[in-house]
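Visitor: In order, the protein sequences belong to chains A and B. Each step along the first sequence adds one to the number in numbering that gives the first Met the number 0, with nothing skipped, and position 131 is 130. Each step along the second sequence adds one to the number in numbering that gives the first Met the number 0, with nothing skipped, and position 173 is 172.
Source of the hints: derived by calculation from the structure; they are not laboratory data. It is possible that part of the hints are untrue.
Using C-beta positions, here's what the derived DEER-type ranges look like [as the list claims (entries may be wrong)]:
| hint | chain 1 | residue 1 | chain 2 | residue 2 | range |
| --- | --- | --- | --- | --- | --- |
| 1 | A | Gly231 | B | Ser125 | 41 to 51 Å |
| 2 | A | Arg232 | B | Ala143 | 50 to 60 Å |
| 3 | B | Thr42 | A | Glu198 | 27 to 37 Å |
| 4 | A | Arg160 | B | Arg138 | 50 to 60 Å |
| 5 | A | Asp229 | B | Asp122 | 24 to 34 Å |
| 6 | A | Asp20 | B | Ser125 | 55 to 65 Å |
| 7 | A | Arg160 | B | Asp39 | 34 to 44 Å |
| 8 | A | Asp6 | B | Thr172 | 23 to 33 Å |
| 9 | B | Arg138 | A | Ser230 | 43 to 53 Å |
| 10 | B | Arg138 | A | Pro135 | 24 to 34 Å |
| 11 | B | Arg40 | A | Gly35 | 49 to 59 Å |
Here the structure is a predicted model, which is why all the values come from computation and not from measurement. No residue lacks a Cβ here, since even glycine has one placed at the ideal position from N, Cα and C.
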Amino acid sequence: MNRQQHDEEVLIGPYVLGVLDDDEVRRVEAHVRDCGACRQEVSALREMETALGEVPPEAFLDGPPPGGDLLLQRTLRRVRTERARALGRRRTLAGIAAAAALAGVFWAGTAVSGGADPVALPPVPPSPTATPPVPPGTRVASATDPATGARMTVRVTPAARWVRVHAAVAGLPPGERCTLVVVGRDGSRTPAGSWVVGEAPPTGKGKGVSLDGSAAVDPSRVQAVEVENDSGRRFVSVPLPA
Amino acid sequence: MAGPLWPRSRRGSTDEALIRAVYEEHGNALLAYATRLTGDRATAEDVVQEALIRAWRHADALVNGKGSVRGWLLTVVRNIITDRYRAKAARPAEIAGSPATPPVAEDHADAVVDTVTVLGALDRLSPEHRDVLTELYYRERSVAEAADTLGIPAGTVKSRSHYALKALRETFTEDQRPGAPRQSAGFREVTA
């Protein structure tokens with residue numbers, strides 16, 4: 000693109016940041032009205048200004064919290080306790096089925112460090128402490144579809160003879176009209192909600208989403224939760240062990 | 000794989016060193032953020048403790064991931080707080096056995112992607128560009144104040160902030176190139 004350098008062009012950045020004085024604002028706005036290239040620049044840089052808003056200002060504080068390290072000590076104590084508990088469990092396991100335990104550890108290792116998307120962090124599993132009590136029978140599972148790249152973590156909470164479904168979905172193509180489907184053991188497919196995948200500026204990728212839905216499926220009959228689009232294409236299926 | 004075979008003491012000191020390092024480097028940011036969101040210092044400390052524990056559990060991802068560690072931690076803090084509020088809000092409904100609520104899409108998950116991505120992109124700017132954006136945007140300084148703090152003329156503050164935003168845009172464009180490493184955690188955690 001061959002365009003001349005305008006004096007005003009370099010003011011577009013501070014203009015979208017909102018730090019110019021009134022005279023300068025008027026100057027930029029008058030110029031932008033007549034200059035298509037600068038109009039584009041305004042919208043491009045405004046996207047960046049919006050993106051900056053995703054980062055909280057506290058992100059720029061460094062160092063440990065002021066006022067001593069009681070919080071650190073408390074955390075370290077808890078880690079020691081959890082580790083001791085985990086070691087105890089491991090010893091028991093070792094006695095019964097050492098090979099199986101090792102296989103489990105191996106699998107966990109590859110699940111974290113391997114896969115199609117090596118940088119993405121895994122969804123964090125439910126923690127046994129410091130979270131509200133979980134209704135009995137709640138199941139949490141996640142899966143990544145290697146073909147579509149779609150990822151989902153679901154939590155299925157039993158109600159009387161139906162289920163609440165909470166799903167966090169990412170990696171879907173923007174613009175898709177998607178349905179969250181609860182699959183029964185008999186093959187029945189019950190929709191639990193639908194949405195349209197948004198586009199995440201500035202990357203243009205599909206927006207991740209978290210959804211709360213429900214389905215009239217008996218908790219004991221739930222076999223899987225899936226995401227499909229309106230033409231029936233399945234993006235990801237998360238099997239739920241009984 | 001070394002997990003169960005490691006001597007206990009060595010494993011222990013590594014764990015503690017990791018948590019200590021994360022706390023020393025990011026503790027202030029995490030606690031200040033949690034305090035603002037919860038409005039309560041004691042609750043904020045609980046939240047930060049939980050976030051540090053999660054960092055410890057996911058040490059592999061934390062150490063090997065290419066995104067911003069601080070972005071990941073801040074995201075974890077926000078998720079813990081959101082999930083606590085949600086759990087509180089949901090409980091009376093559980094008792095009442097309320098009818099099915101329509102699914103609600105939240106921006107929560109999107110924001111998760113972006114804090115990590117944007118902070119990662121800021122990390123890759125030159126210090127001059129990062130500083131000018133930090134002053135003007137995050138510290139909400141005027142051009143004159145930023146000029147004073149940074150020791151440069153006001154005109155330079157303006158032009159530098161312009162080029163800083165352009166450079167930021169460049170780093171995002173790089174991320175989008177095929178084969179470029181993904182920056183984002185891309186996934187909201189579910190705490191049951």
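Visitor: A separate judgement is required for each hint: does it hold in the structure or not?
Guide: Hints, verified against the model:
For the pair glycine 231 of chain A and serine 125 of chain B, the beta carbons lie near 49 Å from each other, so the given range of 41 to 51 Å is met. Between arginine 232 of chain A and alanine 143 of chain B the beta carbon distance is about 56 Å. The supplied range of 50 to 60 Å therefore holds. Range check, threonine 42 of chain B to glutamate 198 of chain A: Cβ separation about 35 Å, and the 27 to 37 Å hint holds. Arginine 160 of chain A and arginine 138 of chain B have their C-beta atoms about 55 Å apart, which keeps the hinted 50 to 60 Å range intact.
Evaluation of the 24 to 34 Å hint for aspartate 229 of chain A and aspartate 122 of chain B yields a failure: the beta carbon distance comes to about 40 Å. Separated by about 27 Å at the C-beta atoms, aspartate 20 of chain A and serine 125 of chain B break the suggested range of 55 to 65 Å. For arginine 160 of chain A and aspartate 39 of chain B, the hinted distance range of 34 to 44 Å is satisfied, since their beta carbons lie about 39 Å from each other. Here the CB-CB span from aspartate 6 of chain A to threonine 172 of chain B is close to 26 Å, well matched to the stated 23 to 33 Å.
Here the CB-CB span from arginine 138 of chain B to serine 230 of chain A is close to 50 Å, well matched to the stated 43 to 53 Å. Arginine 138 of chain B and proline 135 of chain A have their C-beta atoms about 49 Å apart, which leaves the hinted 24 to 34 Å range violated. One distance hint, 49 to 59 Å for the beta-carbon pair arginine 40 of chain B and glycine 35 of chain A, holds here, with the actual separation near 52 Å.
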